[in-house]
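J.: Line by line, the protein sequences give chains A and B.
Residue 46 is where the first sequence starts when you use our numbering, and the numbers rise one by one after that.
Residue 2 is where the second sequence starts when you use our numbering, and the numbers rise one by one after that.
By construction, these hints were calculated from the structure, which means they are not laboratory data.
Fair warning: there could be bad hints in the mix.
Said to hold, decoys possible - Covered stretches of chain B, going by a simulated chain A footprint (3 or more residues, C-beta under 8 angstroms):
1. 71-85
2. 255-261
As the list claims (entries may be wrong) - Beta-carbon label-pair distances, calculated as ranges:
3. B:142 to A:122: 35 to 41 angstroms
4. A:277 to B:209: 54 to 60 angstroms
5. A:293 to B:140: 36 to 42 angstroms
6. A:188 to B:209: 36 to 42 angstroms
7. B:22 to A:311: 23 to 29 angstroms
8. B:22 to A:98: 33 to 39 angstroms
9. B:303 to A:122: 24 to 30 angstroms
What the hints assert, rightly or not - To give a feel for the contact side, a few chain B residues facing chain A, derived at Cβ under 8 angstroms:
10. 266
11. 390
12. 446
13. 448
Just so it is clear, CB atoms sit at the ideal spot from N, CA and C, and this is done for glycine as well.
Each chain, letter by letter, is given below.
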Amino acid sequence: MYKVVRRKALRPTVTQLEIEAPLVARKAKPGQFIILRVNEEGERIPLTVAGVNPEEGTVKIIFQVVGATTELLNHVPEGGYLQDFVGPLGNPTETEGIKKVCIVGGGVGCAIAMPVAQEFHRIGAEVTSIIGFRSEDLVILEEEFNECSDTLYVMTDDGSYGRHGNVTVPLEEMLAAGEKFDMIITIGPLIMMKFVTLTAKKYDAPITVSMSPIMIDGTGMCGGCRLTLNTEEGPVMKFACVDGPDFNGYEVDFDEAISRGRMYFEYERHAHEATCNLFKQAENA
Amino acid sequence: MALDPKKHEMPSQDPQVRAHNFSEVALGYTEEIAIAEAQRCLNCKNKPCVAGCPVNVNIPDFIMKAKEGDWEGAYQIINATSTLPAVCGRVCPQETQCEAKCTMGIKFEPVGIGRLERFAADWHNANATEKAVAPESNGHKVAIVGSGPAGLTCAGDLAKKGYKVTVYEALHTAGGVLVYGIPEFRLPKAIVAREVEGLKDLDVDIETNVIIGKTLTVDELFDEMGFEAVFIGSGAGLPMFMNIPGESLKGVFSANEYLTRSNLMKAYLDDPKTPIMKGGKVAVVGGGNVAMDAARTALRLGAEHVYIVYRRSMEELPARKEEVEHAIEEGIDFRLLNNPVEILGYNNPDDPRDPKNGFVKGIRCIKMELGEPDASGRRRPIPVEGSEFELDVDAVIMALGTRPNPLIKNTTKGLEVNRKGGFVVNEDGLTSREAVYAGGDAVTGAATVISAMGAGKLAAASIDKYLSSK
């Protein structure tokens, strides 16, 4: 069992947990993820590491309530326990040789982007961050990004906070003005990463995307996380858990990944509703 | 007394009934049948059956105890060389091992050795009251990577000799392929859990949720944790696909994924927390035990029709004979000498938001004929030109085998692997690194439970020799 040492609601549907998991805390690097199960019957879900405290032996995760399992996770109190917590999985984000980087985070993906931005800041790279959210009530981690970024753009789709528009707007402005990044790293919803990649491509800018597909074990065993890279030698199948999660954005078949991500859409919607109803019943009882 | 030429039949659930439940198919002999079957053993002097067993169970001796109805005695003889009798009695391919060598089998049907082993093990599990006691510690620490059949066997053998053993498991439950791969109807999970508990009685520590190569490295096991030897039984990791169009459609699964969802994650239960596709028409590609398990799982999950698509003929099917027979009885449709060339997806050009878009709707296959024998000795399947046809299916499960997992190789210096990614070991199970041993599917690629156990046993003996002479 893994203790929830601290719990903090960042937003009504976005929560940060710090979990006691010393072995993971010792090893996890920015860009890597963990898999957890809330309880004995629960499913395994992957979540990216949002930070570690090796001295204390804790791992930070940030999640948005989107389905049954995240709903359940959101109900674990401070001092409560998670059934399973394993990692770190996947490869850390490549930082070598990158002196000037643009980090583009979307929604709860910013929780993954943040430790990556912090790492680049730590090694002395020039960091430009663009973080985007649907609306003001979902904005997270602005303070943290401010601290580790040389330049920061906060965007909202509806203009309720920061600048109005998508994350691609400031990116395109910079690239069109001749700004050169050694690497653009984007983490967020697939559809956003697809358009960030298309924007980068217009200006021949190199781009890394962080994929988080459906998976079970996270060690390469199930193959559920497979995706297609369209390489010069033709299409190649990769497993996000062992080959990624970071890939060259130019090569990723986003449309296929988007389609595969909706595999259990109907099931998940019903499961989430059922879980919400259970909690409502418990509250009303 | 005249010898019964036939093996006593295994009482089984009716095929029509069992095709809709996950309870064990084979119900096991009654004591009466078991004793009658034991009496078929000739107790011949040269004991060819023992040589046919990868862990050399002293078969005639245990059957002699069985004849007398001394089941605890029989169990103890098996247990002296095999760590997992209740498992082996169920999943070993006896027809190619011990029973293939049985003298009775020359003229008649061989003795039902596997069925007797199962009876003795089940009898022990139901009746034995004494727990195994850990022997006095010899002070040496050994780490085992993976809690599948190779790891559990190696751990058991070393613990019985007084070693302090820690088993590291990447998943949340111990048992490896015995829990994530083999379905409940063939190997009840309670049996695996019992074997794992037996190891804990021997003072073996089982650490789940630790991935060697990620959470800890092999070097850290030696340098920081103080282990003096490591056995790697990490299994065969990455599922193979065919590299044909359509394999990324929704509704295409590796058998590993499909079976893990059903077995380990218990998606076969009503109202599961982990989703799985149920119902519809399903094609399973492959002819091994895993293919049979996937096909029969699909059936039990409510599929209306299940095909096995295999490119060779019935004769070359690598699955255990009993599983093929059971599958046929349950109504699995064997489409042999067929090979998939493309998986077809649904696409509504008028509505990009149609929820069916991107899901499997069929599989295109080509007929095959058998040519000359290939390197494996089996006749090579050759496509018959112009013979392509389509099957309407909603899901395709690829059961084509696995490649070894790269996580340990990538994080351990000096560990040699072969062309296929399996660890290179010598006749003692020793890898290219001092004190690092390996065995099971991590070395051989996908094989059987019993051969993995044999490798775990060999490594345990080698580790004992190495550490006791240090």
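J.: Now, for every hint given, state plainly whether the structure supports it.
T.: The hints, checked one at a time:
no.: 1; hint: 71-85; verdict: violated (count 0)
no.: 2; hint: 255-261; verdict: holds (count 4)
no.: 3; hint: B:142 to A:122: 35 to 41 angstroms; verdict: 38 angstroms, holds
no.: 4; hint: A:277 to B:209: 54 to 60 angstroms; verdict: 42 angstroms, violated
no.: 5; hint: A:293 to B:140: 36 to 42 angstroms; verdict: 51 angstroms, violated
no.: 6; hint: A:188 to B:209: 36 to 42 angstroms; verdict: 37 angstroms, holds
no.: 7; hint: B:22 to A:311: 23 to 29 angstroms; verdict: 26 angstroms, holds
no.: 8; hint: B:22 to A:98: 33 to 39 angstroms; verdict: 49 angstroms, violated
no.: 9; hint: B:303 to A:122: 24 to 30 angstroms; verdict: 38 angstroms, violated
no.: 10; hint: 266; verdict: 6 angstroms, holds
no.: 11; hint: 390; verdict: 25 angstroms, violated
no.: 12; hint: 446; verdict: 14 angstroms, violated
no.: 13; hint: 448; verdict: 16 angstroms, violated
Hint compliance for this structure: hints 1, 4, 5, 8, 9, 11, 12 and 13 are broken, all remaining hints hold.
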